[in-house]
Amino acid sequence: MVDLNFSFVLGYTNVLLAGLLTSIQFVSVAIVLGLSLGFVLSLMRSFGGTILGMIATVFVEVFRGTPVLVLLFWFFFCLPVFFGTDLGGFASAVLALSLYFAAITSETFRSSLKSIEPAQLDACVALGLGAGTRIFRVILPQAVLRAIPNLSSNVVSLFKESALVSAVGLADLMYVGQNIANKEARPIEILTVVALIYFACAFPLTRIAAVIEKKLLKVIKV
Amino acid sequence: MNYDFSWIIVERALPKLFDGLLVSLQLTVWANVIGLTAGFLLALCAISRFRVVRWLAVAYIEVFRCTPALIQIVWFYFCVPMIFGVWWSGFLMGVLALGMNLTAFNAEAYRAAIQTVPSSHLDASVALGLGPVVSTLLVVLPQALIIAIPVLMTNAIGIFQQSALVALISVEDLVYQGRILAGETYRPIEILSTVAVFYLAISIPMSQLVGFFESRVARMLGR
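First to last, the sequence lines map onto chains V and H.
Residues in the first sequence are numbered from 909 upward in steps of one, following the working numbering.
Residues in the second sequence are numbered from 44 upward in steps of one, following the working numbering.
Extracted from the complex, chain H is given alone in its bound form:
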């Protein structure tokens, strides 16, 4: 097993890999913009008083949580243009698929967080004469949001990793660039290891941050 690792290959690959990383990060950010907002609305639907709304929301959540992200992305890429007659770029399809996937996972996180708000707070809101909208928006939500932060961040890291799948629908993200370069240079070890390091360099600090927020939230809940 003595392999001479060629740094020059890595050095030459870096500009392309950085381009790819940028695309991966853009995908992640846009998917999170969708996931954080739509996920919240979906969580509200999932705990709605109206049975039909609740069922639809739960069905959406279960479908997106119980099928592979890969098939969601491939499905979007091939089927959305045929069904709706639109021709969007792979990037946009990727953002949509990843965003809708994240929406389902975030909705669960928000829902679980909303349930940890003690019901006595709602009783207190009633006693203080607050309306349902005010008590939901100003009493329940701020607490639920803070509690949900660690899970939301974990989901964000997860979607950063899932964004690698768009390489399979030819979006030029980090993995796509890595695969092309590995093929061109015949040096898969150098290139693919560098790609892995790129992912780690983002994921590990993020997960440390999650640990920090987790302990803060635990302390807050303990109080």
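So here's chain V without its partners, still in its complex pose:
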């Protein structure tokens, strides 16, 4: 059995926190960009007609069907070749994560749009509401509310996938952890601590999602 010594990890508290902060930066930017794009994509698929719907479908299938690691490598190595300039690691990683997040959240939005009973549409017609009012005033508010629990679990997935940016050399929590593990030759302690930090961030998020889901279900049922 190996002797474990977790005390040296304390010396790296600041470095690990800086790594965590970087991870959180990636995730927050990707959430803002991905959520907006995902929302637009879901509208395109649900109300956009054939051509817009097709474009959105292809986009979603491509970005959901490719591993995030491949997306990251692609954006990191290929975009500079296309554009002739170096976008920088941060921008290409954020782009890859945002597009991945857009693809998964658009599915969440779409299924919540679908969950609204057709009877409500009939009611809109009966009340003489126009298409715009029908979509923006009746369907969307409900769809967004119903999407919240799944969106928060999407955020957890995004947070976990953000560990991959370490593979293209960006100094997030995972990268910092692996570096310290190599330097100290004590992978067990440091990798366990890094895993616990990820857990400590992601687990409360899943609990919050569960609470929201229970409360929300009550509100919607009433």
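Note that these hints are calculated values from the structure, not bench results.
There could be a bad hint or two in this list.
[What the hints assert, rightly or not] Simulated DEER-style distance windows between Cβ atoms:
id, chain 1, residue 1, chain 2, residue 2, range
1, H, 261, V, 956, 23 to 29 Å
2, V, 1114, H, 135, 27 to 33 Å
3, H, 135, V, 1029, 53 to 59 Å
4, V, 922, H, 177, 57 to 63 Å
5, V, 1120, H, 254, 24 to 30 Å
6, V, 961, H, 135, 41 to 47 Å
7, H, 264, V, 1056, 33 to 39 Å
8, V, 962, H, 124, 47 to 53 Å
9, H, 223, V, 963, 29 to 35 Å
10, V, 913, H, 124, 16 to 22 Å
11, H, 58, V, 922, 47 to 53 Å
12, V, 1036, H, 161, 38 to 44 Å
13, V, 940, H, 176, 41 to 47 Å
14, H, 57, V, 1037, 52 to 58 Å
[As the list claims (entries may be wrong)] Residues from chain H that face chain V, not an exhaustive set, calculated with beta carbons under 7 Å:
id, residue
15, 110
16, 111
17, 133
18, 135
19, 139
20, 207
21, 211
22, 238
23, 242
24, 246
[What the hints assert, rightly or not] Pulled from the structure, derived: some chain V residues nowhere near chain H, Cβ distances all over 10 Å:
id, residue
25, 922
26, 970
27, 1096
Built from N, CA and C at the ideal position, the CB exists for glycine as well.
Guided by the hints, dock chain H onto chain V, whose structure is given.
What follows is chain H alone, placed relative to chain V:
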């Protein structure tokens, strides 16, 4: 943005990429063998009457669901040999890490499916004088399994994509081969795009299949 896409590079890379794909598929299949069986046992533990068993199972599920798959794989690769004094290949470590990850996700799928079986079926089993083992194995399970199929398949696709991570512990899977070739040829666009197409060619038909099973299950539940 006018780039001359070189097909010859893609053509030369294909044999290596197919080798890589084979490794990725093997990883996926073995991880699923672990995930489908152990996940089921874990789901039974998670709904067990014994509090300690339940807690342990739930703790396992939460830990594997709430940490990145990458750290699980890296942790296995570096820490398992040190703790247990064994020297296994990266492939085996990858299979273990992916399999244990999938176990947690599948356990949730099985658990949710078991809960959709109406309690009246259990009452009926009691009324018919069936024992707990018979009613679990022959009444609850077959229904739960069918309901779980779409989620289990979605998880299987997910683990196929997560299997890309083993490239980072030097297992020669599709992504690993792609990265090496992209570096050797200085043609990342051709190679990495082909790698992406390989993944899509497997993931998209699979997810269509999931859609088909989903509608079948929905129809079954509606009845």
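Now the hints, each set against the structure:
1. The hinted window of 23 to 29 Å between residue 261 of chain H and residue 956 of chain V holds, with their beta carbons roughly 25 Å apart.
2. Between residue 1114 of chain V and residue 135 of chain H the CB atoms are about 30 Å apart, so this pair conforms to the stated range of 27 to 33 Å.
3. Remark: the range hint 53 to 59 Å for residue 135 of chain H to residue 1029 of chain V is upheld by a beta-carbon distance near 54 Å.
4. Taking the beta carbon of each, residue 922 of chain V and residue 177 of chain H are about 60 Å apart, inside 57 to 63 Å as hinted.
5. Evaluation of the 24 to 30 Å hint for residue 1120 of chain V and residue 254 of chain H yields a pass: the beta carbon distance comes to about 27 Å.
6. For the hinted restraint 41 to 47 Å between residue 961 of chain V and residue 135 of chain H, the CB-CB distance of approximately 45 Å keeps it satisfied.
7. At about 24 Å, the beta-carbon gap between residue 264 of chain H and residue 1056 of chain V misses the expected band of 33 to 39 Å.
8. The beta-carbon spacing between residue 962 of chain V and residue 124 of chain H, approximately 50 Å, falls within the hinted interval of 47 to 53 Å.
9. A beta carbon spacing of about 34 Å between residue 223 of chain H and residue 963 of chain V agrees with the range 29 to 35 Å that was offered as a hint.
10. About 18 Å separates the C-beta atoms of residue 913 of chain V and residue 124 of chain H, a value consistent with the hinted range of 16 to 22 Å.
11. A hinted range of 47 to 53 Å holds for the C-beta pair residue 58 of chain H and residue 922 of chain V, which are about 48 Å apart.
12. Between residue 1036 of chain V and residue 161 of chain H the Cβ separation comes to about 42 Å, which falls inside the hinted range of 38 to 44 Å.
13. For the hinted restraint 41 to 47 Å between residue 940 of chain V and residue 176 of chain H, the CB-CB distance of approximately 52 Å leaves it violated.
14. Residue 57 of chain H and residue 1037 of chain V have their C-beta atoms about 56 Å apart, which keeps the hinted 52 to 58 Å range intact.
15. About 5 Å separates the beta-carbon of residue 110 of chain H from the nearest beta-carbon of chain V, less than 7 Å, and the hint is met.
16. For the restraint placing residue 111 of chain H at the interface with chain V, the shortest Cβ-Cβ distance is roughly 4 Å, inside the 7 Å limit, so the hint holds.
17. For residue 133 of chain H, the interface hint is violated, the least distance from its beta-carbon to any beta-carbon of chain V being 15 Å, above 7 Å.
18. With a cut of 7 Å, the hint placing residue 135 of chain H at the interface with chain V is violated, because the nearest CB-to-CB distance is about 18 Å.
19. Violation of the interface hint for residue 139 of chain H is found here, the shortest Cβ-Cβ separation to chain V being roughly 15 Å, above the 7 Å cut-off.
20. With a cut of 7 Å, the hint placing residue 207 of chain H at the interface with chain V holds, because the nearest CB-to-CB distance is about 4 Å.
21. Checking residue 211 of chain H against chain V: minimum C-beta separation of about 6 Å stays under 7 Å; hint holds.
22. For residue 238 of chain H, the interface hint holds, the least distance from its beta-carbon to any beta-carbon of chain V being 6 Å, beneath 7 Å.
23. Checking residue 242 of chain H against chain V: minimum C-beta separation of about 5 Å stays under 7 Å; hint holds.
24. Checking residue 246 of chain H against chain V: minimum C-beta separation of about 4 Å stays under 7 Å; hint holds.
25. Listed as outside the interface, residue 922 of chain V is consistent with that label: its C-beta sits roughly 20 Å from the nearest C-beta of chain H, beyond the 10 Å cut-off.
26. A Cβ of chain H approaches the Cβ of residue 970 of chain V within 10 Å, the least distance being about 6 Å, so the stated non-interface status is violated.
27. For residue 1096 of chain V, the shortest C-beta to C-beta distance to chain H comes to about 5 Å, within the 10 Å cut-off, and the non-interface label is violated.
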